[in-house]
Structures are given as C-alpha cells and as structure tokens.
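Engineer: Between the sequences and the hints, there should be enough to build the whole structure, so can you do that?
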Amino acid sequence: MMDITQKIAIATADILKMSYDHAVETHDVQIDATRKEFEGDYTVVIFPYLRALKMKPEEAGDALGDQLLAAVPEIESFNVIKGFLNLSLSAAYWSEALASISSDGQWLTRGKSGGLSLVEYSSPNTNKPLHLGHLRNNFLGHSVSLIKEFTGNEVIKTQIINDRGVHICKSMLAWKELGNGETPDTSGLKGDKLVGKYYVKFDQAFKKEQEKIELNRLQLSDSNWSDSENLFISGSAASADTISSDEWHIGSMDLQNTLKQVYDGDESALDGLTLKGKPLTTGFKDSLLSYAEFIKDSETETYEQEASRREAIKNNSPLYQRVRKMLIKWEQGDPETIALWKMMNSWVYEGFDETYARMGVSFDKLYHESETYLKGKDIVKVGLEKGIFFTKDDGSVWVNLEADGLDQKLLLRADGTTVYMTQDIGTAAQRQEDYPSLQQIIYTVGDEQDYHFKVLFLILEKLGYDWAPACRHLSYGMVDLPSGKMKSREGTVVDADDLMAEVVDAAKISSEEKGKLDEMEQEEQEQLFEMLGIGALKFYLLRVDPRKRMMFDPEESVSLNGDTGPFVQYTHARCKAVLRKAGEFQPGAPERLSEKERQLLRALMQFRTVMNGAAEDMNPSAVASYCIDLAKMYNQFYHDLPILKAEDEEVKGFRLALTKLTAETIATSMGLLGIRVPERM
RNA sequence: GGCCCCGUAGUUCAAUGGAUAGAAUAGAAGUUUCCUAAACUUUAGAUGGCAGUUCGAUCCUGCCCGGGGCUACCA
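Heads up: the first sequence begins at 1 in my numbering, then just goes up one per residue.
It is possible that some hints are incorrect.
What the hints assert, rightly or not - Computed Cβ-Cβ distance ranges for the label pairs, DEER-style: (1) Gln-527 / Leu-406: 49 to 57 Å; (2) Ile-509 / Asp-185: 26 to 34 Å; (3) Glu-76 / Thr-109: 29 to 37 Å; (4) Ser-103 / Gly-165: 41 to 49 Å; (5) Asp-378 / Asp-185: 39 to 47 Å; (6) Pro-335 / Asp-185: 22 to 30 Å; (7) Ser-102 / Asp-407: 52 to 60 Å; (8) Asp-185 / Leu-517: 30 to 38 Å; (9) Ser-102 / Asp-378: 51 to 59 Å; (10) Asp-185 / Ala-403: 54 to 62 Å; (11) Lys-462 / Thr-109: 34 to 42 Å; (12) Ala-403 / Phe-38: 47 to 55 Å; (13) Met-520 / Arg-310: 52 to 60 Å; (14) Leu-644 / Ser-103: 17 to 25 Å.
Derived by calculation from the structure, the hints in this document are not laboratory data. Glycine included, every Cβ here is placed at the ideal spot set by N, Cα and C.
Structural biologist: Here you go:
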C-alpha cells in the first residue's frame, strides 16, 4: 500500500507542474498531520508556491484543493486557512488503511537485513561497579541496537572492558595487602562491589600516605611532636587506618579539608583539633600550617607544574611504586599476578552479569583491553610507512590533523608504548578482521569524548577503512542529580543495583496501594513489579534526547504517573483487557469516524516513519515520545467512545481492530526501548 | 585563550523553517451506577538579550549574557 502522504505529494507536484508549470520535487512538498484544533487529516503547506502561482494564499489553497479532490479519490473534502490546505480523507480510506496495516505481516516486524553495524556500549572499568551513568549508556546503546536491527541492519552488540593498566593493579594491590583473603562468598558482597571497595581503599591509603609524606617534608626542625602525632605521620600505608579521621574533632572531615578551611581564612579550624584526645602541639600545628600553604600553592600552579609534582609524588610513593611493580609483573605474565588478576576479574564479571541481567541488556561479543591494548602498534607502523603519521625527534609518533581544523595527536610514546588512541585504532582494526562485512561502528560514549571520536574517525578514514565515514559516536550528556554532579570521590554516585532495587520496590508499593492484583499469583506479581520498576527507570532515562545533559530526580523516576513507562504499560494492559473481553472479532468499516479514531489511526500509521527516523538519528527518545503520544490518544479514545458497546457491529469491529493494533504497536515500540509490557496491571 | 555543546511554563522534558510554542509534574477545580480512575476533563503559566537571512525563526547566521565540556606522553 502506498503511503497516502506520498500519494498526495505526487499529486500535488503533478498539479503544480501541469497546471502552473511549476516544477517541485515530490519530497519537497510539505505535508503534515493536521493540528488538532483544525478540521482535516493532512495539511499541505502552500506558502512556498504562492510566488510561482501568483495568487493569494486562500486562492491558491482553493485552486489546489479542487484539483487534489479530483485527482485523489481518498480525499473527501478540504478547507483552507491562510497558507494551509487541510485535507479530510474518507471513512472508507481509513477503515481500509487499518485493515491493510493489521493484516500486513511486515508492518510490526523487523526489516530485511541490510549492512552489518557494530554497536558498542557499557564498556566498564573493572574497578568500578556500574552506576547511574552506565545505566543511561547501556539503555541507550541497547535500544539503538534494537532499533537499528528493527529497521533493517544486522547488529552486533559489543563492549570493550577496561581490565588492565595501573588502575586495575591498584585494587589488586589493596586487596593483596589489606584484604585478608576476603572473597565475595566470605564477605557476602557482590564481586564487582568487593573489587570496587579495594579500589577505594587504595585511594584512601594513597591519600593518607601523601599527607604523611608532605607533613614529614614540612616538619620544622625545632618542632616537638607528641607520640601520637609522630605515629600519625610515620605510620605505614598498610596501617593507614590506625588512626581514623574520626579521632579528629572535626567530625567526618578529612585533614585536607580542614587545612583548606585554614587557608581560606578560618585559622581557628585547627584550634579545635585533637589527636587521641589531646590538643595538638605547637610544632605540629606549625607543620600543618605549612602544609596548608603548600596546598594553597598547588592550586595556582600551571599544568606543567602540576604534572611534574604529580610525577614526583608517584616516584616518592612506596605504595605507588608497588603498584608499578605489579603492573610490570602483570605485563611479564607473572603467574601469581595473573592468577590474582583472573580471580578478581571473575568476581567482577559475575557481579556485572547479574546487573546486566536485571537491566535486560546483553552482548554478542566481548572485547578486553588486556587482549587488544597492543594491537594498534602495527597499524601505526603501517600508517607511518604510508606517510599518514610522522615521527618527532624523541621518537614519538604523531598524526597531524591541523588541515582538518584539529590538533596534532600523539599515537605512540617515545618509549614505544601505546596511548588510548592507539588502542582504539587497534580495536577498530580487530573488529574489521572479526567481521569482514562490517559497515559501521557506533560508539556509545559520553559527550566529553566528542573530540576523541572526531580524531579517531578521521584517522580511520586516513588509514583507508572504507567503513570509517559511516562510524558514529552515539554521544550523550551527563546525568545530573538534584544535588549536582555525581562524584565518586564524594560518594554521590548512584549505584545501579541499588537504584534498580529501589524503583522495583516503589513499583511494588504503588501497585499494592492500587490493590488490583489480588487474584494474581505471587510470582506473576513479582515479575510485574520488576517490569514496571525497570520499565519506569528505562523510560525515564530514554525519553530525553541523548545529546542533552539530563536531570535525574530519584523521586520522579519512581513515579508511575504522567509521562512515564508505567503510563504506557498501563495503556497496553488496558487494551489487552478490552481484547480479552471481546474474544474473536471481525474488523469493521464504519460509515463515519470520530476525531479521536482518526487521530489514533493516523498516529498508528506513523509507526514505520518514526522508527526509521529514530534509527537514522540514533535517538530512542523519539520512540519514547511516540509511545506517550499513542498512549494518550488511546486513553482519550477509550474514555470518549464505547468499544464493546458500540452502536453497531461495524463500529465495534473497527474500534476493536484499532485497540488490537494499538496494543501491538505499543508492545513493539516499547520493546525497541528494551521495555516489556504487561497483559494486566 | 582556542574549540565544542546547552539556555523553552515554578520544575523536568517536547516541537523536519510553518497555523494560537506542546506534554508532564507541582497549584486550582471537576469526572466512577458505564469496556482497568496507574485514566480522563477544565484552569493558570515559558522561547536569556540584540541584530540579520526569510512570505514565515525556538530552530539558520553574527554579536552579547549565562551554564557545562574538551584543550594530558591518563584510560
């Protein structure tokens, strides 16, 4: 069946050409759904033709309307308001359109398989449990995969796991030195949480060690410290917890923050401090004041100064030296280190798998940085031979993108080691090897890396990969909390597992308040709460344009009223309830249609177009908006018009067919967001 | 400093260059002898500023103001 708007567009172009000798491309004819405050189904915008027709808007509208009425049998009547030609289609057309879509086996199923796209999302770091930001990333990437697949691509869902490097050794070292052999089993912690705990522990120990080193360095020669002060300063990293910060009379604030207060002008911040119940000695206070100065200085330093200071810190830190040693051992394949690494990784993956399962996302192929981090080197060498890259005096390899309005970018360090960009090049090449028919890679990564991907795609293009121009960065904005930015250091991250548990719980509470589920089996109820809670969360995160930064309000995310997933799910359940009562039915063709019916059907017919647009833009929020629109229209339709008690069989059959198609369309659309819909709720 | 993104009702989000800028929430007022009231109806409320392009600008261009990001031999 030809799309009616297409048909009108062709007819319009024909008329303009034949009668007025004005050539217009069919796709330039602008046809919109008529706004609800005007009479009609579709509107042709005729402003663009006024000049060529040498007519006033109303005249042109009438003239064009008359000819369209004659040319297109589906058009029943028209009206003209200013430059808008509103066309009304016949009831017969609408019933036929509904019947035709309903019996079309292709309408709600995935398109023919086109090119192969690889969609990368999640890509976590094994040190950090998944959080709210990962949820947006995963839901987006997963949904885009589904949408692309639906509209006719072969899709490989993938991720690259950051499982190597200094930072990974940090958690390993902390576990080795402080862990006492703790495992997920003995601690009762999820594997990823356990490893994350030791990553944090390393950071804390490192921070304390630095404070001690600095204070030692700044200790005035004539100062006499008390025993506990000396103990505080000289304690080893492993015993960093010997004196907890609680023993300072400054509540939970750490030393650094207190010192900050001091140089911010509040000299008295030190006065109240005690250590082991005793006031501080003058000498110790003086050292602290010097330290405050030191911190103050460090805030005004330049990049270079900061970099060299950091390097110095790392070189002087026994803790950091042990981490480096561990990394070297790892790279050399030391069995003991590898075994530790494998063990801790397996804990993490078990934890992640659990989280992914609840999130309802999955992957077809996994990549690990530990396996790919050396891959880019060879390609850089090839590029060097081809003259795409160049070598600097120190032997480091660079690419010059200044001609493209970008910078010079490092690809290999002077010592031959790789950087992030090298690895990404290597991984892309690896994927080409793994999937020779690859046509596109889509990277789901936050917008702070916009520049990185611009550079990467340019390099891939220069290297001659023919699919490089088709690569896309599915860039998304940060998720903000009402309290501001999420910062792991300040403990303001929202943990993914906690959040999911919370929304499911909220769904349970409101469901029980409604009290509609009494005859439902316990297990079915639990599944429903899961469906509603996770559905609410996904919908909340997906309904916002990915490119935009968004606000996450925990209160609002568990709400089930308004523009939410459960609102759409409810509408589906409502349709299903009607259909259950109706039983078997014959689609009908009424003589007259009401406005609500037309509106709903028009929206249903938009389905394919909306999905194609969402695929093209990699934008699930378009699908979410569509779901809301459909649900609203159905609810109005349901409220205003009787279905089972309709005036005659034709009308009843038509409304039931509308109901059925609405349910199917909602289920399919929500499915593309990764959200399931219930039969009843 | 250079480059990039974002400024829409109190708040959170919409709007291929098109009609009177839509929803949702929060506020006010209603609808159940009737197919699921997690619904529906009514009400009030917004395009940061100044120019330009256009028949027509929230959208395109320029400048200004405000918010964020990138600008690492980190990943």
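Engineer: Decide, hint by hint, whether the structure agrees.
Structural biologist: Here's how the hints hold up against the structure:
1. Gln-527 / Leu-406: 49 to 57 Å: 51 Å, holds
2. Ile-509 / Asp-185: 26 to 34 Å: 32 Å, holds
3. Glu-76 / Thr-109: 29 to 37 Å: 32 Å, holds
4. Ser-103 / Gly-165: 41 to 49 Å: 57 Å, violated
5. Asp-378 / Asp-185: 39 to 47 Å: About 42 Å separates the Cβ atoms of Asp-378 and Asp-185, which means 39 to 47 Å holds.
6. Pro-335 / Asp-185: 22 to 30 Å: 24 Å, holds
7. Ser-102 / Asp-407: 52 to 60 Å: Since the Cβ atoms of Ser-102 and Asp-407 sit about 56 Å apart, the hinted range of 52 to 60 Å holds.
8. Asp-185 / Leu-517: 30 to 38 Å: 36 Å, holds
9. Ser-102 / Asp-378: 51 to 59 Å: Holds: the Cβ-Cβ distance is about 56 Å, inside 51 to 59 Å.
10. Asp-185 / Ala-403: 54 to 62 Å: 58 Å, holds
11. Lys-462 / Thr-109: 34 to 42 Å: Since Lys-462 and Thr-109 have Cβ atoms about 40 Å apart, the given range 34 to 42 Å holds.
12. Ala-403 / Phe-38: 47 to 55 Å: Holds: the Cβ-Cβ distance is about 53 Å, inside 47 to 55 Å.
13. Met-520 / Arg-310: 52 to 60 Å: Taking Cβ atoms as reference, Met-520 and Arg-310 lie about 59 Å apart, which means the hint holds.
14. Leu-644 / Ser-103: 17 to 25 Å: 22 Å, holds
Hint 4 from the earlier list is the only one contradicted by this structure; the remaining hints agree with it.
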